[in-house]
Amino acid sequence: MNMLLLPILIPIASAIIVLLLPKSAKLLRDTVTLLSTFANALLAIMLFNKEILVSYPWVGFGFEFSLRLYNFSSFIMAAAASFGFLIALYSSAFTAAKNYSKSFFVYLLISLALLNGAVLSNNLLLMLFFWEALLITQFGMIMLGGRLAFRTATKAFVIIGASDLCMMVGIAIYGFSSGSFAFSNNMPLAGLGGLAFVLLMIGAIAKAGSMPFHSWIPDAAIDAPLPVVAMLPGALEKLLGIYFLTRISLDMFRAETGSWVSYLLMIVGSITILFAVMMALVQKDYKRLLSYHAISQIGYMVLGIGTFVPVGIVGGLFHMINNSMYKCCLFLTGGAVEKQAGTTNLEKLGGIGSKMPVTFACFLVTALAISGVPPFNGFFSKELVYDGALERGWIFYLAALVGSFFTAASFLKLGHAAYLGKADKDRKDVKEAPYQMLIPMVLIALACILFGVYNKLPIKFLIQPVLGVDRLRGHNYWGFPPNFILAIISVVVLAGAFLNHIYGVKKTGSGLKAVDHIYHAPVLSEIYDAQAKGYLDPYNIGLGFLNIFSIAASWFDKAVDWFYNVFSVKTAALLTNASRRLQNGNYKTYIILSMATTVLIVLFLLRSV
Amino acid sequence: MSSVLILVPLFGIIGLNMLPRNVARRAAFWFAAAVFTAEILLAIVHQPAFWTEALVRFDSFFRLKFSVDSLSRIMLICIGVVSLSSLVVAKSTVSDEKEAFKFINILITASIGMSGIVMVKDIFSLYVFLEIAALSSFILIAFNKDINGLEGAFKYLILSAVATVLMLTSIAILLLDSPDTAFSTLHNEIAHSRGNFIVTFAIGLFICGLFIKGGLVPFHGWLPDAYMAAPAPVSILLAGVMTKACGIYTLMRIVASVFGFTDPIKNTMMLIGMISILVGAFAALGQTNFKRMLAYSSISQVGYIILGAGTGTFLGLAGAAFHLFNHAIFKGLLFVNSAALEEKVGTSDMSRMGGLSERMPVTGATSVIAMLSASGVPPLAGFWSKLLIVIALWQIGHYAYAAIAILASVLTLAYFLYMQRQVFFGKLPPGLEGLREAGNGLTLTASALAVITVGAGLAFPYIYNHFLLPLKEIFF
Amino acid sequence: MEASSWGLFSAFGFFITLIFVCGLYCILATRSLIRAIIGLELLIKAVTLLVIVTGYLNNNTALAQSFVITIIVIEVVLVVIAGGVALQIFRHNDDLDTRRLTNLRG
Amino acid sequence: MNVTNTDMLLLVLMTIAALWTVMARSLLKATIGLAITSAVITILIFRLNSPLAAVFELSVCTGLITVIFVSTISLTKPLTHKEILEMSKARHKRYIYLPIILVATGIALLFLKIPNDFTLPRLATPATNVRNVMWNIRHLDLFGQIIIMMIGAFGVVTLFITKDDKDGS
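Residue numbers (our numbering), protein chains in the order written: chain A, 782 to 1390; chain B, 117 to 592; chain C, 42 to 147; chain D, 52 to 220.
Treat the hints as calculated values from the structure; they're not laboratory data.
The list that follows gives simulated cross-link-like pairs (lysine-lysine, BS3-like), each with its CA atoms no further than 30 Å apart: (1) A:LYS1212 - A:LYS804; (2) B:LYS543 - A:LYS804; (3) D:LYS128 - B:LYS218.
This is chain A alone, in the form it adopts within the complex (with noise of 0.2 Å):
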């Protein structure tokens, strides 16, 4: 038995254990999943940096189940088991008293399992296996809040399936033309290699939540249960898209600063950031708000990554660590205030922040490090982002400072809106959330601090070594941002934030209120209506489309008995009075259909003669 297939192997066997558990043996399931999670993370850990290479034959022609463990993998892997922990300690006391408590572990450990999976594999086919059967966790987590959540699920499903099957044309694709499957083939950008980079590329982003693959992240955050959100679009999914992106852009093409590529993937990011951080702002629910928050800063990463100049990577990657932690903490303070308070509304809400004061400060520190201020970890990741956005383009950089102002100016309303103000008359005896529930995160926000002040640990151990002594060119990211003058502006723009917010206040007497000055902006109103009608979705659109073609389809067999009664009356005059009698029997339609195309294919069978 190798190491590496124990983080497969681990949570597989715990999960198939928790199954067979019985429903009511709840203290056993929670020591069983907090043990295997745990023991995944410490293996995880035990593993980190190592070097090692499996493989076994599989199915022939190349495919081969093949594992590696490399740094980047390492780092991935031991991030996610941290955060797989962190949230079985969470869920323990989240989900107690529901009744999906044991299915959620279970797809939980699964998930686990398929990620450490995907990340190992050391083939793009094995790669897919993995990835794809996370789809079907994911659809199952989803469904467990309960019946509306089908809908959620379901688009969900949709969406990232119609991606992966664009992932897998790219795969075959990319196999085909450059004869294997393996990570390592710098394959050329031009011909078809740019349409496999797209394809692959439209996978990855889509795991990872970006626009135009969102629009399921925030209806899950309503729908699903607040871990599965905390999770999956939270961590895991944005730490294996963007692991993919990476290892696309620069393990297997040889994808070059200036190549339509780059500035492809720093267009979806620079959207992906002002759009979702746009409709972050005008959310009137703390989940919500916050799945938002999730998309946009998807934009950050794809942003940084697109800019294939080593700061900009590094930048993402970072970035991608911090967020996955901020994020997954943030959302887990909004479970802890849906728990304790009953509520996320953030119209109902409101100075709760003297009530849990653990909660609020765990909030704090990780909305001053998603809005990015000094010295959380989330400023220097955007630092190095700006850094490499200003390389390539004043107009990529731009974006990115106009979505850190509205990052800010929506986590003031939503930090005043919920934890400071007035308490609700029906909330005045909310308490603390308990233990369980805190630990993973003060842990999360103590770690953000920590990557923040001494960012040299995550970027020089972690991040760097991904890049290789080759790209970096003796570079080093680590300590304050290298550029001193990007870090001033930045400053500049989260103070106009705040002096936003004091105006929003001042104006409308309220901090829910306080960006509604923006909302009601000439242009933007515009498109806020038609996004609150659903019409930018693009899967209601597709959906639309879909509908009418099965509309047709059910129109098909109609369109047989026109064939037979309305069109053979026309041009076979001969036959137009028997054919008006026999018009009710059916199965003649049939012989004349298929005698029909007897002929048709006859003759096109002798053409060749």
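Go by the hints and put chains B, C and D onto chain A.
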């Protein structure tokens, strides 16, 4: 081994009908179960010397010219598994003892016909066994003698007879070109006179006859009616193997070993396959009846098989053969579930169902597995076969077909998700509160088939090496 | 093929095609199930004759005859089953009208 | 191997009989028409050196099948004379096209030039021993025939005999 699969059931039925009634009725089920199980086992374990030697002697005594190669093996497994499922379902749905006895008799003759189809090496004997299978299935569809069943049976009968006439005409014309009707002789003679007007004409007629038998669009008219109107166990048999053995397998076999993969034939097959995939899927989207939707889905899946076989490459044929197997299993599974629904809810109208997964957990769960396999979601078996087909299409440069084939599996997912929502999720309609899970026979069959689907997906490397790779030797 | 054989084949082929058309037309135009089966019979008759003709042209009438015997046996059973189905339909509908066989559609 | 005038006459007769079968007003007449067609075909088969097949054709197709049809028809309710008269006008309209189509097909066939470009795989010595062929070469088909006959028996048991009959008797 081959003639055992024909002669033992044949003498078995004759013997059963001579036994006293009470004994025969009790023995019939076990005899049939034993025959089908033996068929599966013989097809899987086909190597050991003991069997081969003893059976060769048996064969030579009756001088039946059968031969079993790897494609036949796959089909024999399908026939055994699906017939067994049909038998078990029949045991729990056909209550009258006398009726059950008749049913089992005809079921056995049907399976003799199908086993014969996959083992013969002579085009006229192929026709004989096709007729055996088809005639049995007419009786089976009309078995309950309700008006819908009779209507379905009559439509199938007429269309099938037309197909038979086309095929016989073709055989008669081919006799002008060949001294006898063995596959090998015909193959040589046709290869010799390729491009001849009359021979090409005959080839076209034969292929079209098989298209009718296989229910491909636009020859499909009879298929939804027959599948929908047939009694539950018969639907399993029909959808699982009958039309596949009669139409699809035969088409693959005849084209591969007699007519040869010429470009016009390949193009025809791929085009018809594509049309079937699309029309079947779109038509399935608009259905309100569970069984009818499954029938249209069958047309669509069969389209994949023909599309794969039409590539004429090893990968395409391997994918087609594996999809044939997968389709037999998951469509059999879905029809077993439809039998459970019909038995418990009393209808197969989806608008009168809903929320059944709470009441019928096994049925719900297994149908999700079948649905995912049909839509080609990894790691289930359906994914691998579709992958092979798509890769094969890609290799020969039919990028558009490959792309449409992939997109059509989204359609598959769409109609199955719709079906799931209508039947298994949502709110339980009034009047179904007291609903219980179907009987053990049905749930066990469904679970067993689900296990096969999952197992075949996980053990794909094994299947690829032991069942699909040998296909290379027959075709190339 | 020699001219004389070709002449025989053409002549028989000509009339066989005509019977084929008759049978097909009968299936398509009739309103009676029994008559549809009769149409089917005509189709099979045409094919039977064709098999015999090809056998005769090849000097291989033995093979053709053995084929025809098999075809005839199958034909009888087909007619029996078709007649049975028609009879049962008659019991339900009280007539043999093909126009009433359109319950299943869509 | 020339086609003789007798052959041509028989073929024309066969076509006319087939035409009459299709166009006959009552089902019984149609059945008789089918029997006549079959009988003419029997003669043709006999003339083509195939006596055994001719015997089968005569006994089974002309005899047995006609009996099956007649008995099936007698089990169903025959139309009254009045109904037949009512229907005959409509029938007339439907079937009047058949002769026209036949003529059209015939003319089309006459103009169709099929290339005569292959050699027959003709046996050197005519094989006439059908029994030998059936038992030694085509015995698989014989097995098939046995199974088919059994299916026919099952079909009769299933489709012709219903519970009502048994209760009645």
